[in-house]
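Going down the list, the sequences are from chains X and L.
Numbering-wise (our numbering), the first sequence opens with residue 387 and increments by one.
Numbering-wise (our numbering), the second sequence opens with residue 387 and increments by one.
Honestly, I wouldn't trust all of these hints.
Copies of one chain are not kept apart here, so a pair can be met inside one copy or by any two copies together.
Result set (SDA-like, lysine to any residue): computed pairs, CA atoms no more than 25 Å apart in a straight line [what the hints assert, rightly or not]:
{"#": "1", "residue 1": "Lys-647", "residue 2": "Asp-417"}
{"#": "2", "residue 1": "Lys-651", "residue 2": "Ser-818"}
{"#": "3", "residue 1": "Lys-765", "residue 2": "Tyr-456"}
{"#": "4", "residue 1": "Lys-556", "residue 2": "Asn-430"}
{"#": "5", "residue 1": "Lys-528", "residue 2": "Arg-477"}
{"#": "6", "residue 1": "Lys-408", "residue 2": "Glu-814"}
These aren't lab readings, by the way, just hints derived from the structure by calculation.
Number of protein chains: 2
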Amino acid sequence: MVFFRDFVRVKESMHNAISMNKIEILDAALDDFSEGYFGLSNENRRVLLLTLATQYDLNRKQVRELMKQYLGLDLPNGSFSSFYRIERNLRHSLKPMYEVLFERLNTHPGGLRFLSIMRADILSFLADENIASVRALDSYLKEKLITWLSPANLQLHNITWDDPASLLEKIVAYEAVHPISNLLDLKRRLGIGRRCFGYLHPAIPGEPLIFIEVALMKNVAQTIQEVLWDEPPMPESEATCALFYSISSTQPGLSGINLGKFLIKRVIDVVRRDMPKISTFATLSPIPGYMQWLLAKLASIERCDSTFRENLLKPEEETALLGASEKYTTGKNGMEVMCNLLSSSSHDWTKSDELSLVLKTPLMRLCARYLLEEKKRGKALDSVGNFHLQNGAMVGRINWMADRSEKGLKQSAGIMVNYIYKVENIEENAHSYFSEGQIQASDEVRTYI
Amino acid sequence: MVFFRDFVRVKESMHNAISMNKIEILDAALDDFSEGYFGLSNENRRVLLLTLATQYDLNRKQVRELMKQYLGLDLPNGSFSSFYRIERNLRHSLKPMYEVLFERLNTHPGGLRFLSIMRADILSFLADENIASVRALDSYLKEKLITWLSPANLQLHNITWDDPASLLEKIVAYEAVHPISNLLDLKRRLGIGRRCFGYLHPAIPGEPLIFIEVALMKNVAQTIQEVLWDEPPMPESEATCALFYSISSTQPGLSGINLGKFLIKRVIDVVRRDMPKISTFATLSPIPGYMQWLLAKLASIERCDSTFRENLLKPEEETALLGASEKYTTGKNGMEVMCNLLSSSSHDWTKSDELSLVLKTPLMRLCARYLLEEKKRGKALDSVGNFHLQNGAMVGRINWMADRSEKGLKQSAGIMVNYIYKVENIEENAHSYFSEGQIQASDEVRTYI
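Looking at chain X on its own, in the form it has when it is part of the complex (with noise of 0.2 Å):
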């Protein structure tokens, strides 16, 4: 392994931030620490997050023999000073090194930004390989960000064609859902009949860590081009609904870190305010999941040799659907010949009224299935589904050929769905989710399955 002399420097000066203790001395390490890191390749940045995550952690020496002092204690004669004392000192013993760093750096002017950078960093390192002190360092540092992030720490910041233009660019660098495709595209995101909030934390200014658009409507969208007007199709004051149709976050080091669910309910409570009309909150949602897994759960059957083996189309479809298919592909029963449609990468089968229509009976009716049903954990397989729930929502409909894109038509064959925010279940529905896995929907969509 070559280190090179900028290595060398940034380690120093990483060594200096957490050992040094006077501050202006201390303000240069972190500087200089900060500075040095960014100028590191990849494969630097690796060797030094792994030597802070070894090199920089317990003291276990130090930790079992505090361990052995307390099982040693005597419980009912001995002084309880003792157990406290004990506990204190293993308490501290218990912080790794590296704790000082994070938080020398969360108190330095930029610090709190770096870190989420660095902890970028470290999740793309555990992508490709999973080693355990890594990812010790990784949830320590996760867990310091949640609390520093908390909701009392973040700013709803309503985001208007007035904000500096420095601002304005993150929104279109960063929206993940809906690609804002131009100057104009923005300034209509955030103008009459919609509007876009952000949280911002007072260390990272001009940037939202997480924001939201909204679009003001009549009635609750089924379809992405319903949402994504030119023109608003109708005077904000006749609104009764809030759709949240993209949520996005900006910093990838925030991973797992659920800004969003609080965010969505703060913008809840502003809109309410200021538009009591609006009584309907919901999101118009992709299903990024769903395709991934209907394939796979083909694949597998298919492989499957058993007479008994499970059959995803009801008789009446697969009849309906070995029809209308000759034409196109063919296959040894509706199953294969499903697969072969919805695989391909042309989404043919889109192009035909006909393939269309025998597919879209099954089609919805397993997409209720995969968004009520399918779970890893005990939580929804679905990733969107999952977030949503979690935070209070149900599943209020799901809708045909709402996002006919390239990417809508692969990862969902165009369906998308409608998560409900109801003010007056949000609390019980995420706590019934988060304690029993119960997924909340509504009677439309249950007649699917």
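Starting from the structure of chain X, add chain L where the hints point.
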């Protein structure tokens, strides 16, 4: 013990504030708890805090279980993942349940202030009865407060006559060193030739946690009369010295949390930036423990029968004292005479030039000894001395008859001390004092010993 309805209600809301997870209910519980707490009698507060300390601390069974697992791991062969996992679990199970209450109050409106009041109560109960569980509660809360009140979270505010009366009345109420007698006096403290700076926390608006009063002077003042002028003695532009003549903290609940250290540093920075001609930063400080130490010392020598007992007076001092004191008091030796003179509450010795003169030499000499050599656990015995030395000051000069007030005569026979902050030595002094207990002093003070 009589439990009142109110007490039970407050105890319930405390329990809810710890155990509830629904935000709406939680906010209400935190409000109920803090409002209810303020309505409790001292005795009920005591019982409630004792309940918190003992019923909401750790699950020690779980802690011991995790420790046994940890000690059972095989260090060289075991998977490191297990270490990280148990360490993480231990960190969580070593957190007392009351941490949740502290964290939640901290992010709740008015909560930080409430926590500071709660800690003031804890400290006053500990002064009455030293219970180990309450001491542990206090030490945990203190650590939390230190984190939340880190300099990064505090705002330096230059307090002026333009500030709201509600803030200025706090200055009048809390000025602990030189009481402010009336509105005119306050206006003078904020007027020409003077400055007043406070540290504010965003969660406790309109009330500085600590503030410092500064006089701009030509030379370092030797007596408090030079500082408490009615009319400024010279234009501000001629000032070369900033004299810190008073520093007061407003929150008894923040006792032991050294905010003054950072405040002094920030004020030095601000004053240097605004008035580059000012090169000396000094205090004119009381010596609160001098007389108490000296009288105890004299009494303990008196009780000692050894013929080799120490004589605090030099032979020529003793001769002079015995000669001059004949008219006023008697005693079998100089030390007994000194003890009699100094412990009289009417301070008659100050009314005789002759007595003052013979006492000055030993009192100044012993004062230098007290400030430079008398220590407790390696730190200066004098509390104000300890405060400035740990902030990086040196003992610059001791001043005879600098504070002739009743309090000044009783505490330190009217002597005051100038601590000097030399910008270039602050960090070094603080460090050598902290690590080796080294007290820096001017040659002038050293010659007394």
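Within, between, both or neither: Lys-528, Arg-477 at alpha-carbon 25 Å: Intra 18 Å, inter 15 Å, cutoff 25 Å: intra and inter.
At 25 Å max between alpha carbons, let me know whether Lys-556 reaches Asn-430 within a copy, between copies, both or neither.
neither (28 Å within a copy, 54 Å between copies)
Note to self: Regarding Lys-408 and Glu-814, is the shortest C-alpha distance of 25 Å or less found within a copy, between copies, in both, or in neither?
What the structure shows: between (51 Å within a copy, 8 Å between copies)
- Query: At most 25 Å between C-alpha atoms: does Lys-765 with Tyr-456 qualify within a copy, between copies, both, or neither?
  - Reply: The answer is neither: 39 Å in one copy and 31 Å across copies each exceed 25 Å.
Q.
Cα distance capped at 25 Å. Does Lys-647 pair with Asp-417 within a copy, between copies, both, or neither?
A. between (34 Å within a copy, 23 Å between copies)
Review point. Checking Lys-651 and Ser-818: alpha-carbon separation at most 25 Å within a copy, between copies, both or neither?
Key: For Lys-651 and Ser-818, only the intra-copy Cα distance (18 Å) is at most 25 Å; the inter-copy one is 52 Å.
Checked against the numbered hints above, the structure breaks hints 3, 4 and satisfies the rest.
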